Amino acid sequence: MVDGVTLTMGVAGSKLEKALGDHFPEGERYFGLENFGNTCYCNSVLQALYFCVPFREQLLEYYSNNKSQGEAEENLLTCLAELFSQINSQKKKTGVIAPKRFVQRLRKENDVFRGYMHQDAHEFLNFLLNQLVDILEKECPKATTENVLNGPGNGHVNGVKQEPAATWIHKNFQGILTNETRCLRCETVTARDETFLDLSLDIEQNSSITSCLKNFSSTETLNAEDKFFCDKCCSLQEAQKRMKIKKSPRILVIHLKRFKYMEQLNRHKKLSYRVVFPLELKLSTTLDAGDSAYSLFSVVVHVGTGPNHGHYVSLVKSHNHWLFFDDENAEMIDESAIQTFFGSAQEYSSNTDHGYILFYESLSGDNKSL
Amino acid sequence: MMNSGASNNIMSSSAASASGNSAPGPGLKTYFKTPEGKYKLQYEKTHPAGLLHYAHGKTVTQVTLAHLKEKPMQAPSQSSSTLGVSSGVRSAAARFLGGGNGSRALSFVGGNGGNKPVGGSSTRIGSLGASSSNNVVGNPNFDGKGTYLVFNVGDAIFVSDLNSQDKDPIKSIHFSNSNPVCHAYDPDAKDGHDLLIGLNSGDVYSVSLRQQLQDVGKKLVGAQHYNKDGSINNSRCTCIAWIPNGDGSFVVSHADGNMYAYEKNKDGSGDPSFPVIKDQTQFSVSHARYSKNPVARWHICQGSVNGIAFSADGAHIATVGRDGYLRVFDYKNEQLICGGKSYYGALLCCAWSMDGKYILTGGEDDLVQVWSMEDRKIVAWGEGHNSWVSGVAFDSYWLAPNSDGVGENVVYRFGSVGQDTQMLLWDLEMDELVVPVRRAPGGSPTFSTGSQSSHWDSACPVGTLQPSPSMQDVPKLSPLVAHRVHTEPLSGLLFTQESVLTVCREGHIKIWMRPGSAETQSTNSDSFMSTSLKEKAAMAAGKGGKQ
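In order, the protein sequence lines correspond to chains Z and E.
Going letter by letter, the first sequence gives residues 1 to 370 in full-length UniProt numbering.
Going letter by letter, the second sequence gives residues 1 to 547 in full-length UniProt numbering.
One chain only, chain E, in its complex shape (with noise of 0.2 Å):
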């Protein structure tokens, strides 16, 4: 079913650039097989053509998958509208990601060059055509329910509906003191903030995205900020995230190896009174005193923090850093848990298993790796990466052909992109882990399957970090498929139910329909169904958010 009047010749259009005419690159395919079927291209977002250039290649662009439910009922209806919200939403999208953050973040910016807001073009609102039922942004009326991505280019935040093919976003908000460089969603955020954005110049800020999408400016509106001006913490933001079942406290990581952990409803202005860290090599802890925001301060390594990621439960979070340890904490008594090192050089990225068993990192020695919480070391080294492992997700959604969910033998579906610009998947069978026995020294490495299961050597203990492992002291997996998918370095990936998502660090993102899901399956025709929501304009303000 096809939208009416002027929306037509756009979806014509984005419907062939979607099937890759729209300049995909020399000798990238639209499509990728594996097993269980063919993944194919169905859409592809990005930012306006022609912006900002001159800030390209100092922000790498981060892509946050954000779903944003039914706005519940504060007020009797006022009116009644009738808003083609053009995202057919599969409720089951509201958990996207194994654990939270898939996709961490290479962290690389050089600095913080132009600042300056970008006038006119940049908001592509006109492009979308005069068709009511697209017209969401500005219209105080609007829910936007519906899945959106979230992503950073140079000094703006951009949002796209996930199910439109639209290649345009539909709301930009640009930064005047600084860039974006990272974000986080909270679908289940009780007091309506539920979008976090950190930037370079270590300022965070909470807002609502709803919020956002109805307002016509380009400016943040009814934003919470924190670290002003980085009055506590002046180095880049690299990663930020939500605690599970946090009641909206999160964390942000800082390039200077620290980390904060904020509450809402303290006091955002700050109180700079952590102590002097007096070991930059050591872990440490301290808290703020009169209980204001950021709460506390987490000294977690010398050099800068990579990437964050919590578990699914909250329990646990997960960091690594330049000097290329993994960190495994539990949240709430703030105690190492265990952790250890790449082969060689930085972490990039980080992401855990739903089940909160098994956690990936990639870094700078082109390898995937996966540990394992209950052995509380390396498992397995996945070879395959030309480049440095930017990001790192399991697929939650994957369900093994033959699995009849009894079997002793789990498997886990992961992905990885890198700055080979390659996407890569992988199957982690626990129990057909080809494990090296270890080798007499001068010896050769013989191999030898099975029988060992994961247990390849003993377990290590608590609160301890591991040194590098030798090359042949690791079991090694082979990819299942490698697909090269943008032209530019990648920067991350995140699995929904229906599809992958790819994002290069120029702010591409693509999106690939799993096998069986209809690629012809118009998500738009539900649109014009979503019809005569009763709702009230139900402002987010009142949430004391005024900039």
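Only chain Z is shown next, with the shape it has when bound in the complex (with noise of 0.2 Å):
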């Protein structure tokens, strides 16, 4: 099955090619990536991340210092060194490769991923990025420090001190949370700082992401079973909760709830509801005066009614055009087709290609924590 299908995408990346004709980006390729057995979770996931600049950018650098080292042990970041640096160099524009090394690391190190079921993108993503941290932070304890010079005002803002280590993955994708909750009979306001990779939301049926942004900061009553332990009551109290965004990422990952676990039925349903998502978006943070503009520049897409089949594939835009990956195939899309992976204003849809992981890059060039 494998060999017949590189054969046609073959000429699928050829029309690629024709269609971008003079407009072919200089120095850019676009490879379909060969699918394993219900791989195209990592494969959406892939593309999306090598068409995140700054994250390939920094990965490459990585695969070029770390060559000259001279043998180093294989792991998932070196593998995803290789895969990348292979798709970077190659020949030709366009075509297809198969991340065979990256994905017989990945299923070494997670049973999870090791067998031939279907698997949750964002799950994969999040496993990849902690992976990644947890080997560039053994390679280099001396990170932190690094960090402390540079941040913003460190020294004024609670909790911030102790900042984990800023590997290029941190710096790339994390951002931070202030928690703030008041308990209500002393009015006390406890802030405890969180970092994130990425903001996971609860959706709703015909709303937008800076809708579902919104209600992600909400105020929340803790009562009744759900109270707060307040260290100055010494005692559980009704209090008020508000989750703020503090720092905002230089690449701002969002994953919608899309499966959601069904108490009723014991099981996870997934959620088609129509969530429109813009090319821009903005963030308003606690530590900046002003808002954060970002891009939309990836999309992670699952297709299919249900949470444990189905199939992903991504969008993901590349000098200004947006191109549609599925697995070994890749093809030029409009930008206006984006709208289709909206999800469904109605339950029960032909539609069943849903956005699922957004990727949007800050435009604000020269972050502050770089």
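Do not take every clue at face value.
Take a look, some chain Z residues computed to stay more than 12 Å from chain E by CB distance [what the hints assert, rightly or not]:
hint, residue
1, Lys15
2, Glu26
3, Pro54
4, Gly115
5, Thr195
6, Phe196
7, Phe229
8, Met243
9, Tyr261
10, Asn329
11, Glu335
What follows is a list of derived Cβ distance ranges for each label pair [claimed, not checked]:
hint, chain 1, residue 1, chain 2, residue 2, range
12, E, Ala315, Z, His319, 33 to 43 Å
13, E, Pro35, Z, Lys260, 32 to 42 Å
14, Z, Glu26, E, Val285, 31 to 41 Å
15, E, Lys332, Z, Ser364, 34 to 44 Å
The hints are simulated quantities; they were obtained by calculation from the structure and are not laboratory data.
Computed from a predicted structure; not experimentally measured.
We treat Cβ as the ideally placed atom computed from N, Cα and C, and that holds for glycine.
Using the hints, put the two chains back together into the complex; each one sits in its own frame.
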């Protein structure tokens, strides 16, 4: 099967080349990724990461630095770096590549991904980024000191002093949330900072990402069985909780919680809700005076009706063109086609292609954390 | 008063549907309350059931209100016919929209899928019953005066009678080449061609609405065809508008950032000799040589022009687009006056206040923006939608309850609809806008009321586009009412003297009667009195519009 696919996709590749014509970006490569049996969750995320240019550049730099240091131990980071470098150095402009070593390594590292079952692309992204962080932190334990020098106004703000080591994964993806809890008895506000590499948002039917982000930061009352232990009152109290974004990341990854656990069904259900996402977004943060502006550059799309089966594809923006990656296949799409991935306004709809993970890149070029 | 005979059961069945029995969707109420009273769902209009599902999602329904006046006498009467035009025309409804294009348009169209004409079941003439009072279609003597709704669904244009209880349209027109996506109507058109239709393929038609209603077929008749097969511009039409007092001229905006001006009595066969656009980001106007149609091309912005609207006097045109900018031009002098950017994302719709002082825009930042022409900048942001804002309109019929007409405190009522399925109504009281004081860096915003009036900052210079303001710099409005009107995302709204109309993307229209407009008042009561109109089948042909 795989061989046949490679052949036909070779043709599709040249079609993409033809479509781009003279506009084919200098030095850019558009390669589909071979599927090793339900590895579309992996392929779709890898494409999104490959076209996350700051991430790709860092990874390629890592690859070239590491190559000179001789034989390093193989891990997920080296496999990913090797894969990206392999794509980047292809002679042809388009084609198909088999991410064999990377997938093998992934299956070695985590039994969840070992089988041939359908996997969750967000879980994979999360696992991958955290693995890369672990590997980088092990390799470079002194990264922490570097960060302290650059952190803006670290001394004045609670809780930021212990900011974790700033690997380039952190520099790209990490933002800070403030979890504010106000005890309704003594009015004391407890603020706790948490870092995040992506935001998981609850979704509602016929809403927008803006609205989901608003709900994410809305005030929630903790009461009844969910009371808050107030240190000042030394007891469980009713409280109001709010999550605010304190520092926005350079790459904002938004995960839509489309797979919801239904207690009465005792299983997960896919929410096909129509959630519109703009090509531009702004986040207001508590730390900076202005708002951070973002531009959408990638969407991982889940195709299918249920959580345990289906397919993943990705939409990627590269040099102002939008591309559609479906495993081995890569083609150009019009920007206006993105709206077909918003979801369904009605529960039963023939359209099952739904935006699942959104990647936004900060427009304010030099990010403060760099 | 009821119509006689066969139409009885039809009326009762649609009356039932108007009161919400025909699957209004879970949790949808048939009324909403405002300080001045209850708005009640009066009628629903839709396209024939089971139609064109393959085309759904590809074309967003827009609705245009068309007030057909009594036909001018053009020849001695030949026969007298007793036509029950099922509409009580209130002539005041002639000026329905604040400034014209109230409901502008979401313009996403993924391409133009099924163009196959749907045979058979699509025209619902039969469902109107045999009553001669309703048998409007296909009678060449038909005068057709009344108020109609023109809306597009899939590959068709439908026409419904606004003031009848009938849910189904009285006319359908199918397009074999592409889907119709936008339309406009001019009640004062002198030469009979009063309806404009723009297609997904870029094609543009002008026709006589009356002539369409007189024809039995399912095709456009007597049309003038412009930009044939997209020969001048093959990108999707996004919006179309008559130029007020423009003597039959009109403009069409396209998804590639261009807008074309057409004049009547010019050759429509096209002279596509507009120069290549050198800089996509720059505004430029080119005029056609040899005075052919289109007579001018305005390159407005990079990416789609999503909506256009003329001020009521025709002096100014507002455009909104994919780049997130509102632009206001002096139409005659082809000059940019002012404009500015959304908070973020594309702008999707725009509308003028009747007096030309304010412009509403809505878009992908979920905000309704109020722009002042006097200050040439944003004066307020309306927060309340949970998704993109797809339609905005001023309610030009609304009078503040205690307005004496001389007070300084001008109050505007406007409405907005969004992809969150909600319609919101807003009051804009310039004296009471909450004006955030410019805050010191790092401080928290403090608020003051009044005193500064609308001038929370100085006006902006002429001819410049303003960048996005910061969230804390713009006064915020909260909606008066938020009402979930459909189960599908909404695409537009219109105000008439008696009602508010909402339409969803899938082509369902609801008509909400204003408080005080007695909902029992049967507008059909007039129908048998609009009798004995001596009229002649003065065919609107002869205008040369042979297809």
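Evaluated hints:
no.	hint	verdict
1	Lys15	holds, 17 Å
2	Glu26	holds, 20 Å
3	Pro54	holds, 21 Å
4	Gly115	holds, 36 Å
5	Thr195	holds, 23 Å
6	Phe196	holds, 21 Å
7	Phe229	holds, 29 Å
8	Met243	holds, 18 Å
9	Tyr261	holds, 23 Å
10	Asn329	holds, 19 Å
11	Glu335	violated, 8 Å
12	E/Ala315 / Z/His319: 33 to 43 Å	holds, 41 Å
13	E/Pro35 / Z/Lys260: 32 to 42 Å	holds, 39 Å
14	Z/Glu26 / E/Val285: 31 to 41 Å	holds, 34 Å
15	E/Lys332 / Z/Ser364: 34 to 44 Å	holds, 40 Å
In summary, the structure is inconsistent with hint 11 from the numbered list given earlier, while agreeing with all the others.
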